[in-house]
Amino acid sequence: MLRRCFAHNMIYLSLGSNIGDKEANILRAYELIEEKIGHIVRRSSLYKTAPWGFSSPNEFLNSAIAVETSLSPRELLSKTQEIERLVGRKEKTGDSGYQDRIIDIDILYYNDMVINEPDLVIPHPLINERDFVLKPLKEIYD
1 MLRRCFAHNM IYLSLGSNIG DKEANILRAY ELIEEKIGHI VRRSSLYKTA
51 PWGFSSPNEF LNSAIAVETS LSPRELLSKT QEIERLVGRK EKTGDSGYQD
101 RIIDIDILYY NDMVINEPDL VIPHPLINER DFVLKPLKEI YD
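Numbering (this note's numbering), first residue to last: 1 to 142.
If you are wondering where the hints come from, they were derived from the structure by calculation, not from laboratory data. A quick note: this is a predicted structure, and the numbers were derived from the prediction, not measured. Every residue, glycine too, gets a C-beta built ideally from N, C-alpha and C. Worth double-checking, as some hints may not be accurate.
[Stated by the list, open to error] Dumping the calculated DSSO-like pairs for lysine-lysine here, alpha-carbon to alpha-carbon at most 30 Å:
id, residue 1, residue 2
1, Lys36, Lys48
2, Lys22, Lys138
3, Lys36, Lys79
4, Lys138, Lys48
5, Lys90, Lys135
6, Lys22, Lys135
7, Lys90, Lys48
8, Lys135, Lys79
9, Lys22, Lys79
10, Lys22, Lys48
11, Lys36, Lys138
12, Lys90, Lys22
13, Lys48, Lys135
14, Lys138, Lys79
[Stated by the list, open to error] Cβ pair distances, simulated, as ranges:
id, residue 1, residue 2, range
15, Asp100, Leu126, 17 to 25 Å
16, Glu75, Ala50, 29 to 37 Å
17, Met10, Leu86, 21 to 29 Å
18, Met10, Ser55, 34 to 42 Å
19, Asp112, Pro57, 38 to 46 Å
20, Asp100, Ser70, 31 to 39 Å
Kindly produce the complete structure, drawing on both the sequences and the hints.
In structure tokens, the structure reads:
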């Protein structure tokens, strides 16, 4: 099996929070990303947005970040889920649909890689349908 080197990969992540201290939740996620995933080289402004895909009285704060990492895509998925738990997220959205969340971290891009597995799809399949992803991403994407 060919083993790829994942030494300085550029990844793009989307972060969102709509309960608790939303800004603090995102800032804590940034700290943990720096600690567990890699160096944040660019980060967007924070954007206030309405919930997407479900009804809630709670607005979201969203951002996008570009990160250099040596993690593989599978390791990256594991670390983003770990960070969500550390920030306080109890469970991922399941078959019941979207819901309020302390933090949500989505992998948007991993270099120019395309992955289509049941639990990992890169690029994220809904990027073009979500203004709350596109606007922050446009701010930092090169």
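Hint by hint, here is what the structure shows:
1. The suggested pairing of Lys36 with Lys48 holds, with an alpha-carbon distance near 27 Å, which does not exceed 30 Å.
2. Distance restraint check for Lys22 and Lys138: the Cα-Cα separation of roughly 22 Å lies within the 30 Å cut-off, and the hinted pair is therefore satisfied.
3. Taken as a hint, the Lys36 and Lys79 pair is honoured in the structure, with Cα atoms around 7 Å apart against an allowance of 30 Å.
4. As the CA atoms of Lys138 and Lys48 are separated by approximately 16 Å, the hinted pair is consistent with the 30 Å bound.
5. With a C-alpha separation of about 28 Å, the suggested pairing of Lys90 with Lys135 holds against the 30 Å cut-off.
6. At roughly 18 Å between alpha-carbon atoms, Lys22 and Lys135 fall within 30 Å of each other, so this suggested pair holds.
7. Proximity of Lys90 to Lys48 is assessed by CA-CA distance (about 23 Å); at most 30 Å being required, the pair is judged to hold.
8. Straight-line distance between C-alpha atoms of Lys135 and Lys79 comes to about 25 Å, which keeps the hinted pair within the 30 Å bound.
9. Proposed proximity of Lys22 and Lys79 is supported: the alpha carbons are some 20 Å apart, at most 30 Å.
10. A C-alpha spacing of about 10 Å is found between Lys22 and Lys48, which places the hinted pair at or below 30 Å, so the restraint holds.
11. For the given pair, Lys36 sits about 25 Å from Lys138 by alpha-carbon distance, which is consistent with the 30 Å threshold.
12. The straight-line distance between the Cα atoms of Lys90 and Lys22 is roughly 16 Å, inside the 30 Å bound, and the hint therefore holds.
13. Taking the CA atoms of Lys48 and Lys135, the gap is about 11 Å. The hint holds against a cut of 30 Å.
14. Between Lys138 and Lys79 the CA atoms are separated by roughly 24 Å; this keeps the pair inside 30 Å, and the hint holds.
15. In this structure the hint that Asp100 and Leu126 lie 17 to 25 Å apart at CB holds, the actual value being about 18 Å.
16. Between Glu75 and Ala50 the Cβ separation comes to about 33 Å, which falls inside the hinted range of 29 to 37 Å.
17. Hint check: Met10 to Leu86, Cβ distance near 24 Å, so the stated range 21 to 29 Å holds.
18. For Met10 and Ser55, the Cβ-Cβ distance of about 35 Å falls inside the hinted range of 34 to 42 Å, so the restraint holds.
19. Distance hint check for Asp112 and Pro57: the Cβ-Cβ separation is about 39 Å, which falls inside the suggested range of 38 to 46 Å.
20. Range check, Asp100 to Ser70: Cβ separation about 34 Å, and the 31 to 39 Å hint holds.
Going through the hint list in order, the structure satisfies each hint without exception.
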